[in-house]
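> Here's the letter readout for the chains.
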Amino acid sequence: KQEVTQIPAALSVPEGENLVLNCSFTDSAIYNLQWFRQDPGKGLTSLLLIQSSQREQTSGRLNASLDKSSGRSTLYIAASQPGDSATYLCAVRASEAAGNKLTFGGGTRVLVKP
Amino acid sequence: DGGITQSPKYLFRKEGQNVTLSCEQNLNHDAMYWYRQDPGQGLRLIYYSQIVNDFQKGDIAEGYSVSREKKESFPLTVTSAQKNPTAFYLCASSISGGPLNEQFFGPGTRLTVL
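Residue numbers (the working numbering), protein chains in the order written: chain B, 1 to 114; chain L, 1001 to 1114.
No wet-lab data here; the hints were simulated from the structure.
Model, not experiment: these values are computed from the prediction.
Check before you lean on any hint, since a few could be wrong.
[Unchecked claim] When the alpha-carbon atoms are kept at most 20 Å apart in a straight line, the in silico EDC-like pairs for lysine to aspartate or glutamate are as follows:
1) LYS113(B) / ASP84(B)
2) LYS1057(L) / GLU56(B)
3) LYS1009(L) / ASP1038(L)
4) LYS42(B) / GLU1062(L)
5) LYS113(B) / GLU3(B)
6) LYS1057(L) / GLU1069(L)
7) LYS1070(L) / GLU1015(L)
8) LYS1(B) / ASP1059(L)
9) LYS1083(L) / GLU1102(L)
10) LYS42(B) / ASP1030(L)
11) LYS42(B) / ASP1038(L)
12) LYS1(B) / ASP1030(L)
13) LYS1009(L) / ASP39(B)
14) LYS1083(L) / GLU1062(L)
15) LYS68(B) / GLU56(B)
16) LYS68(B) / ASP27(B)
17) LYS1009(L) / GLU1072(L)
18) LYS1(B) / ASP39(B)
19) LYS1071(L) / ASP1030(L)
20) LYS42(B) / ASP84(B)
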């Protein structure tokens, strides 16, 4: 059974510092991996989607890497801002046979202090 | 304005009552999903539907029921058999149930049992 872990559960950094968020998964047979942002009491906003054949994806200040063989993904947020404060969730999508089922990690709650 | 709507935003239930959470999408998506989120945890899949009049159990379906009579609607009923229903419930949809298709999330419903 696929398990997804995000460590640390919470992170506090001063504004301007780079953020490094980790995600690990137990079964490397994934189709893709997705990073989401969740503001308190809100739904999820998709940030980046990395296909299993890709090593990384970039969008603005965000960069996500994927090492499928070691079961790890890292989300980098450059030059953090107070508006980046949120919970960040990673989710893996199982192989094609399992359809579009997502397995989520517990999230990392980020606080960027001005 | 396309998107996913969930209602109500907050819902209070007395023990022993059934309640129904609404999820509507105007994205013309075939697949829809219901997730449950507990404090400090990731999302867990309750039920999903890949097409009208068809749905499958997710990882934690006990105590819940769904219907999919229309493409745009996927209501979730939390029955009295669900022992610990207090949680944040998120609905999502995707173009189809295939693994390449990104899921889009609604704003969520917070259910509290009194």
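> None of the hints should be skipped; say for each whether it holds.
Verification of the hints:
no. : hint                    : in the structure
1   : LYS113(B) / ASP84(B)    : 10 Å, holds
2   : LYS1057(L) / GLU56(B)   : 33 Å, violated
3   : LYS1009(L) / ASP1038(L) : 16 Å, holds
4   : LYS42(B) / GLU1062(L)   : 25 Å, violated
5   : LYS113(B) / GLU3(B)     : 31 Å, violated
6   : LYS1057(L) / GLU1069(L) : 17 Å, holds
7   : LYS1070(L) / GLU1015(L) : 30 Å, violated
8   : LYS1(B) / ASP1059(L)    : 11 Å, holds
9   : LYS1083(L) / GLU1102(L) : 32 Å, violated
10  : LYS42(B) / ASP1030(L)   : 24 Å, violated
11  : LYS42(B) / ASP1038(L)   : 13 Å, holds
12  : LYS1(B) / ASP1030(L)    : 27 Å, violated
13  : LYS1009(L) / ASP39(B)   : 15 Å, holds
14  : LYS1083(L) / GLU1062(L) : 9 Å, holds
15  : LYS68(B) / GLU56(B)     : 11 Å, holds
16  : LYS68(B) / ASP27(B)     : 9 Å, holds
17  : LYS1009(L) / GLU1072(L) : 19 Å, holds
18  : LYS1(B) / ASP39(B)      : 29 Å, violated
19  : LYS1071(L) / ASP1030(L) : 6 Å, holds
20  : LYS42(B) / ASP84(B)     : 15 Å, holds
In this structure, the earlier hints numbered 2, 4, 5, 7, 9, 10, 12, 18 are contradicted, and the remaining ones agree with it.
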